[in-house]
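Protein chains in written order, with my numbering: chain Z, 1 to 322; chain C, 1001 to 1322; chain Y, 2001 to 2347; chain L, 3001 to 3347.
If you are wondering where the hints come from, they were derived from the structure by calculation, not from laboratory data. Don't take each hint at face value.
To be verified - Selected chain L positions facing chain Z (Cβ under 10 Å, derived; list incomplete):
1) ARG3108
2) GLY3109
3) GLY3159
4) THR3165
5) HIS3190
6) ALA3192
7) THR3195
8) ARG3199
9) GLU3260
10) GLU3320
11) PRO3323
12) VAL3339
13) ASP3340
As the list claims (entries may be wrong) - No more than 25 Å apart at the CA atoms, straight line, and that leaves these computed lysine-lysine pairs for DSS-like:
14) Z:LYS184 to Z:LYS42
15) C:LYS1178 to C:LYS1218
16) C:LYS1033 to Y:LYS2273
17) Z:LYS120 to L:LYS3038
18) C:LYS1310 to C:LYS1218
19) L:LYS3300 to L:LYS3286
20) L:LYS3300 to L:LYS3312
21) Y:LYS2038 to C:LYS1120
22) L:LYS3015 to L:LYS3272
23) Z:LYS47 to Y:LYS2179
24) Y:LYS2071 to Y:LYS2179
25) C:LYS1120 to C:LYS1310
26) C:LYS1033 to Y:LYS2272
27) Y:LYS2015 to Y:LYS2038
28) L:LYS3272 to Z:LYS33
29) C:LYS1042 to C:LYS1120
30) L:LYS3179 to L:LYS3071
31) C:LYS1047 to C:LYS1033
32) L:LYS3071 to C:LYS1033
33) Y:LYS2038 to Y:LYS2312
34) Y:LYS2300 to Y:LYS2312
35) L:LYS3147 to C:LYS1047
36) C:LYS1047 to L:LYS3291
37) Z:LYS178 to Z:LYS310
38) L:LYS3286 to Z:LYS33
39) Z:LYS191 to Z:LYS218
40) Y:LYS2179 to Z:LYS33
All residues carry an ideal CB built from backbone N, CA and C; glycine is no exception.
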Amino acid sequence: MSVTYLEAIREAQAHLLREDERVYLYGQDIAGKFGGAFKATKGLAEKFPGRVLNTPISEDAMVGTAIGAAMEGMRPIVEMQFADFSSIALNQILNNAGTQFFRTNIPCPITVRLPSGGTKGSGPFHSQSMEAIYSHYPGLVVVTPATVEDAYTMLIDAVAIDDPVIYCEHKYLYYHLKADALPKDRLPIGKARIVRPGRDLSIVTYSAMVHEALAVAKEFSASGVEIEVVDLRSIKPLDTETVLASVARTGRLLCVGESFPWGGATAEVIARVATEGFHLLDAAPARINARDTPIPYHPNLWVDHRPNAKSIAAKARRILAE
Amino acid sequence: MSVTYLEAIREAQAHLLREDERVYLYGQDIAGKFGGAFKATKGLAEKFPGRVLNTPISEDAMVGTAIGAAMEGMRPIVEMQFADFSSIALNQILNNAGTQFFRTNIPCPITVRLPSGGTKGSGPFHSQSMEAIYSHYPGLVVVTPATVEDAYTMLIDAVAIDDPVIYCEHKYLYYHLKADALPKDRLPIGKARIVRPGRDLSIVTYSAMVHEALAVAKEFSASGVEIEVVDLRSIKPLDTETVLASVARTGRLLCVGESFPWGGATAEVIARVATEGFHLLDAAPARINARDTPIPYHPNLWVDHRPNAKSIAAKARRILAE
Amino acid sequence: MLQTATRAGAKTSKKDPPHERYLEAFRWMLQTRIFEEKLTSLYRGGLITGGVYVGRGQEAVSTACGLFLQKGDVFGPLIRDQAGRAAAGEPLLNVTRTYLGSRQGSMRGRDGNIHRGWPETGQLAMISHLGSLISVVVGKLMAKRMKGEKNFIGLTTIGEGGMQTGATHEGMNIASVEKVPLVLVAVNNHFAYSTPNDRQFACAQLVDRAPGYGYEGHEVDGTKLADCLDEIGGAVERARAGGPPQLVVASLLRLAGHGEHDDASYVPAEIKKESWAQDCVPATEKLILEKGWLDAATLKQWRAEISAEVEKAVETAQREAAPVASEEDWCAISTRGMVDAPVLAGE
Amino acid sequence: MLQTATRAGAKTSKKDPPHERYLEAFRWMLQTRIFEEKLTSLYRGGLITGGVYVGRGQEAVSTACGLFLQKGDVFGPLIRDQAGRAAAGEPLLNVTRTYLGSRQGSMRGRDGNIHRGWPETGQLAMISHLGSLISVVVGKLMAKRMKGEKNFIGLTTIGEGGMQTGATHEGMNIASVEKVPLVLVAVNNHFAYSTPNDRQFACAQLVDRAPGYGYEGHEVDGTKLADCLDEIGGAVERARAGGPPQLVVASLLRLAGHGEHDDASYVPAEIKKESWAQDCVPATEKLILEKGWLDAATLKQWRAEISAEVEKAVETAQREAAPVASEEDWCAISTRGMVDAPVLAGE
Ligand SMILES: Cc1ncc(C[n+]2csc(CCOP(=O)(O)OP(=O)(O)O)c2C)c(N)n1
Ligand SMILES: Cc1ncc(C[n+]2csc(CCOP(=O)(O)OP(=O)(O)O)c2C)c(N)n1
Ligand SMILES: [Mg+2]
Ligand SMILES: [Mg+2]
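Based on the sequences and whatever the hints tell you, model everything.
As structure tokens, then:
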């Protein structure tokens, strides 16, 4: 048996519905036989009657009701049809969910699933990665699973956390990524993972870009260059310690993120390393992000808009040459 | 005669209404005798009938109509009552205004005024600085005037730009800042300004924090330490060149921003200097931001939540000791 | 949570008032008026941090919003609902603490005044963004139903300006899709800050919104306590009995500035002559005296009692410590292990 | 911008059709049907990038949306408005280019298919977020008025699902506050992706929303071309004459999946028996033949002409170059001097 990244998300939700009666799922087109635009909830409405609910096209109210229900003791999981539409729910997420505990001392354990990231032909409004915006504001935990195993355990852990969690799942990984089975163990949210040890350069990244980085690391390994790949797993909290330890080993840092260049996770990682680990660096750190334009629809443009193994390799070569 | 920062904003709008028939003002409570929550449009409705319009409490639609009018050749200036409420307009700003030119080749010259930043007793929803969110997404120009002169010229220049501009005006500066007269000259948007030259440390900052940094620089100067203060003026585009030139002179960098710590302008500046000016740095760069919680209402908490001259001085001392 | 009878030994005459809770309601109105006048004077004296936003002129409708709530109900008050909050069980000391910046207020100095909640009696802490609270109330009601609770309702209020936000629309609509027992009391006080009705909406009357959401709609003169009690009490009853969501639109005039910093000089004189522009507190008091439902001596005694309560609350709160930054637990989330490495002011 | 008469020498019988533009309208319906069937087959053949979203079943109402627009009007079509876009003047070649990824399409490969605009005839390029276009149309109308233009209207469409967004509410409301000549055509095709009406709204009928915004409301069977022309044509006329904003709610059934990737197996069989669930294209054709408004030979000729046009557009677009990343001007704004230092992929 093998499990895709998407199936892991579905299985995690099935597990949660089975084990925790406080959990319910709320989103557009997630119920009935249909089971969601990406089928992440396929079959769950039938198995858990009354706990997988279709909503009107009302992202603000979807999250608003989840906040109310969470404060009342439930554990709602809200599915955005695409991360991009969470812009409509952003006020509820940042200003209501994100401030609730600090203001009232009442925890607000909602989980918002954001199908994120680019796939070819999806264009400017079905490809976005919004993790930076949600991380900038206080009060939220923001996770970005890059593997089938993490997709599974981190969703379960997200729902267990007493605070709002933004769960950024990458659409490109839905079908492309397979594991042999659901995981037995877990690394807790908040810990980064060294997915490939190395000695010459640290590539710090997250979500789909982990796999691009791994491809580069493999390629370089053939010529004796050992790249260490760090998967952040959650970008808030961001595991500065593991990143610094990696840079301490390699002396060189490349940060890769799929979202827009200004600010965001790559800027934050570099700022942390530069401020807290300046003397660990043997060369200037570097970063690669998507281009600073809307995400183009045509595949010819799209492949060039986001980072990929080729552009990462080119950048890595330049850092290593310093 | 003296002019406050707030009056400069009002005068800039009066100038624009007088000189450019495409300009109109659109916002909550800006018309009539009332002239806005902060009186930034006081007297303008009477002077320019039909061109200063009150709106319903509908931030999404306010910006939506401005986008339509701008594409039709007008130059709307939208006033958000507080920056914090622009979260409701965020989808129109990021996804509609921000993508319009790239997608359609039709420019979208709207200006959105965001009364930003903390003042005492304003609490979590009337104190926010949202520049990082608007800078992260492509397609927008984001300006953060710190002086009376800049408040005036940059608003006029913002409206002249054929693209959407987010004009972040700082509420604390409204009455606190005075100049002798309206400026005759201008530094264009996109250029940072060395507001105080120095040799020992560069403090790179923007908006109200420029004045905290200047206070620190003055204090240090007494003991022979010369701090260079760089006012970014616009954070997108961000004038990397001027920042790097300053760091080249001083070898030391402290970035100060009033908004939340994760990502944002301070992370972006440090990332740029670390990646493009690594060898200019004699010591680890550092940054100070607000705390990573909602902005507290009580003044006792608020003063400790944001950076101020005292905390900046403490940090500066540590960097200089390295 | 509620005082169940008119307190202070109110002597009702043989000719009873039109609603059994009329006099009790009036006492909350009076308390609110006296309390808010005290707040205003503290504000003018520079003793309050942040704004003061009063419900002057809205005491009748707001009291009616709080009065019919029971244990297990959800209440989402907004900025002009001091009367409703009190009637629904928030102690005077809590609001006083919040306004005076005592660390012991329910928001502990972290958020202020009109944003406060009082979870003990189901009162939510609003955020500023108007309309955002409606869906939160709906979510609470959904959760209660999922947990098997019975007989609860949710009531929340909105201004005629706030009705124009997208959040209000989505919240109103999702309430009827989810078939929850919601009562939405819309208060058209004819101004949203300085903006009059004609720049907020262009329908004949706001109650015309009700059918578009499958709500039952009702209109009421918000200055007439008896009508407010009947309409809002009735709406609460129908929602509790399983009826569709209820929209009650009350007309009245805001008899203060938007906040106490605002002199409201933009309010035209003519509008003040409208019948619904009267001040509900003296109007109700006059009626009570005319009808003999209470005598002047009792009313005088109420006033004295309330003033004493208010003074006591103010004195208590003023004696209490303000929050201290160095003792503050600067933590936006409840899960310690999930707090991001601090990049703090001054660290 | 519009073809002003039925093209291709349509022979009308003595007994004229119920609306003078009925046959012209039908030709747009037919063109759309034939074109979209071609698109679907190209999609199935893997020749299209991105999704294909067709207006199958909506051709009558969509055509009516485009048909009455004049130079200077504003049109805000949504994803199922191929017919309206064509009727309002977008050449078949532009949509074909967009779908086939030619660099010469109006979106130049930067945005796709259903998001395209056609500024030449006032057609805006929607963003995905439903409801966001309404206020943009309102803003265009405000600007036209400020500039002193006369006699213009704006028309935009929305699905019954999209009506539940906050943006729709704010956009509808601000239109009547600003008193602009807006026609909003709401198409209740009974599904929003897979979601049926009962999880979208709970009012008796969507037209009940009209009075709450001060709109005139009209209902129409969206499968009856004559009624669509009358109602939408009438609404356009009333808006142009200075009437209040117009809401026309059309009922019909979406006769395809949400997109061509979707088999729509969630649509229950019963609903397909409703009168408003019929397919407007053959129904209109049948009526035309029955009434003798056109003869079979003419219709056959129309089909042949349209197919030839479609094939030609496809062939042209397929021959054209796709966008090339290295030649792309990667610039999100128009002002060169304001472009931020590039932090680009691979740089
Ligand atoms: C979304 C949003 N935009 C702007 C504001 C700023 N604001 C606070 S109160 C107010 C006026 C509210 O008017 P109304 O809803 O009629 O309530 P009232 O003050 O009359 O009770 C405004 C514009 C806000 N709170 N929320
Ligand atoms: C704000 C927003 N949320 C979600 C979506 C995703 N989405 C695209 S089309 C659609 C269904 C639209 O239904 P309806 O408005 O009835 O139009 P129809 O497709 O039936 O023509 C959804 C949910 C969106 N486009 N915008
Ligand atoms: Mg009001
Ligand atoms: Mg539909």
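Structure-based check of all given hints:
1. The interface hint given for ARG3108 (chain L) is met, as the beta carbon of that residue sits about 8 Å from the closest beta carbon of chain Z, less than 10 Å.
2. The interface hint given for GLY3109 (chain L) is met, as the beta carbon of that residue sits about 3 Å from the closest beta carbon of chain Z, less than 10 Å.
3. A cut of 10 Å between beta carbons decides the hint on GLY3159 (chain L): the least distance to chain Z is about 8 Å, and the hint holds.
4. Among the interface hints, the one on THR3165 (chain L) holds; its C-beta lies about 5 Å from the nearest C-beta in chain Z, closer than the 10 Å criterion.
5. Residue-level restraint check for HIS3190 (chain L) is violated (minimum Cβ-Cβ distance to chain Z is 14 Å; threshold 10 Å).
6. A least Cβ separation of about 6 Å between ALA3192 (chain L) and chain Z falls short of the 10 Å threshold, and the interface hint therefore holds.
7. Given the 10 Å rule on beta carbons, the hint for THR3195 (chain L) holds: about 5 Å separates it from the nearest Cβ of chain Z.
8. Because the beta carbon of ARG3199 (chain L) sits about 4 Å from the nearest beta carbon in chain Z, less than 10 Å, this interface hint is met.
9. Against a cut-off of 10 Å between C-beta atoms, the interface hint on GLU3260 (chain L) is violated, since the closest Cβ of chain Z lies about 13 Å away.
10. About 12 Å separates the beta-carbon of GLU3320 (chain L) from the nearest beta-carbon of chain Z, more than 10 Å, and the hint is not met.
11. At its closest, the beta carbon of PRO3323 (chain L) sits 5 Å from a beta carbon of chain Z; the interface hint therefore holds under the 10 Å criterion.
12. The criterion of a C-beta within 10 Å of any C-beta in chain Z is met by VAL3339 (chain L), whose closest approach is roughly 8 Å, and the hint holds.
13. The closest approach between the C-beta of ASP3340 (chain L) and any C-beta of chain Z is roughly 6 Å, which is under the 10 Å cut-off, so the hint is satisfied.
14. Pair hint LYS184 (chain Z) plus LYS42 (chain Z) holds up; C-alpha atoms about 23 Å apart against a cutoff of 25 Å.
15. Under the criterion of a C-alpha separation no larger than 25 Å, the hint pairing LYS1178 (chain C) with LYS1218 (chain C) is consistent with the structure, at around 19 Å.
16. The hinted pair formed by LYS1033 (chain C) and LYS2273 (chain Y) meets the criterion: a straight-line CA distance of about 22 Å does not exceed 25 Å.
17. Straight-line distance between C-alpha atoms of LYS120 (chain Z) and LYS3038 (chain L) comes to about 22 Å, which keeps the hinted pair within the 25 Å bound.
18. A C-alpha spacing of about 13 Å is found between LYS1310 (chain C) and LYS1218 (chain C), which places the hinted pair at or below 25 Å, so the restraint holds.
19. A distance of roughly 13 Å separates the Cα atoms of LYS3300 (chain L) and LYS3286 (chain L); the hinted pair therefore holds under the 25 Å criterion.
20. Of the pairs offered as hints, the one joining LYS3300 (chain L) and LYS3312 (chain L) holds, with about 18 Å between alpha carbons and a cut-off of 25 Å not exceeded.
21. For the suggested pair LYS2038 (chain Y) and LYS1120 (chain C), the alpha carbons sit about 22 Å apart, so the restraint of at most 25 Å is met.
22. For the suggested pair LYS3015 (chain L) and LYS3272 (chain L), the alpha carbons sit about 32 Å apart, so the restraint of at most 25 Å is broken.
23. Note on LYS47 (chain Z) and LYS2179 (chain Y): the hinted pairing holds, with a Cα-Cα distance of about 23 Å set against a maximum of 25 Å.
24. Of the pairs offered as hints, the one joining LYS2071 (chain Y) and LYS2179 (chain Y) holds, with about 21 Å between alpha carbons and a cut-off of 25 Å not exceeded.
25. A hinted pair counts as satisfied when its Cα atoms are at most 25 Å apart, and LYS1120 (chain C) with LYS1310 (chain C) qualifies at roughly 17 Å.
26. Of the pairs offered as hints, the one joining LYS1033 (chain C) and LYS2272 (chain Y) holds, with about 19 Å between alpha carbons and a cut-off of 25 Å not exceeded.
27. For the proposed pair LYS2015 (chain Y) and LYS2038 (chain Y), the alpha carbon gap of about 34 Å is over 25 Å, so the pair is violated.
28. A distance of roughly 19 Å separates the Cα atoms of LYS3272 (chain L) and LYS33 (chain Z); the hinted pair therefore holds under the 25 Å criterion.
29. Among the hinted pairs, LYS1042 (chain C) with LYS1120 (chain C) is consistent with the structure: their alpha-carbon atoms are about 24 Å apart, no more than 25 Å.
30. Between LYS3179 (chain L) and LYS3071 (chain L) the alpha-carbon distance is near 21 Å, which keeps this suggested pair within the 25 Å criterion.
31. For the given pair, LYS1047 (chain C) sits about 11 Å from LYS1033 (chain C) by alpha-carbon distance, which is consistent with the 25 Å threshold.
32. For the hint pairing LYS3071 (chain L) with LYS1033 (chain C), the CA-to-CA distance comes to about 39 Å; that exceeds 25 Å, so the pair is violated.
33. Taking the CA atoms of LYS2038 (chain Y) and LYS2312 (chain Y), the gap is about 12 Å. The hint holds against a cut of 25 Å.
34. Between LYS2300 (chain Y) and LYS2312 (chain Y) the CA atoms are separated by roughly 18 Å; this keeps the pair inside 25 Å, and the hint holds.
35. In summary, the hint linking LYS3147 (chain L) to LYS1047 (chain C) is supported, as the alpha carbons are separated by about 19 Å, within the 25 Å threshold.
36. Distance check on the hinted pair: LYS1047 (chain C) and LYS3291 (chain L) sit about 63 Å apart at the alpha-carbon level, beyond 25 Å; violated.
37. Only pairs whose Cα atoms come within 25 Å are accepted, and LYS178 (chain Z) paired with LYS310 (chain Z) is accepted, the gap being roughly 23 Å.
38. Using a Cα cut-off of 25 Å, the hinted pair LYS3286 (chain L) and LYS33 (chain Z) is violated, with the two alpha carbons roughly 36 Å apart.
39. With a C-alpha separation of about 24 Å, the suggested pair LYS191 (chain Z) and LYS218 (chain Z) falls inside the 25 Å cut-off, and the hint holds.
40. Our distance criterion of 25 Å between C-alpha atoms is met by LYS2179 (chain Y) and LYS33 (chain Z), whose separation comes to about 23 Å.
Going down the numbered hints, you'll see the structure goes against 5, 9, 10, 22, 27, 32, 36 and 38, while the others check out.
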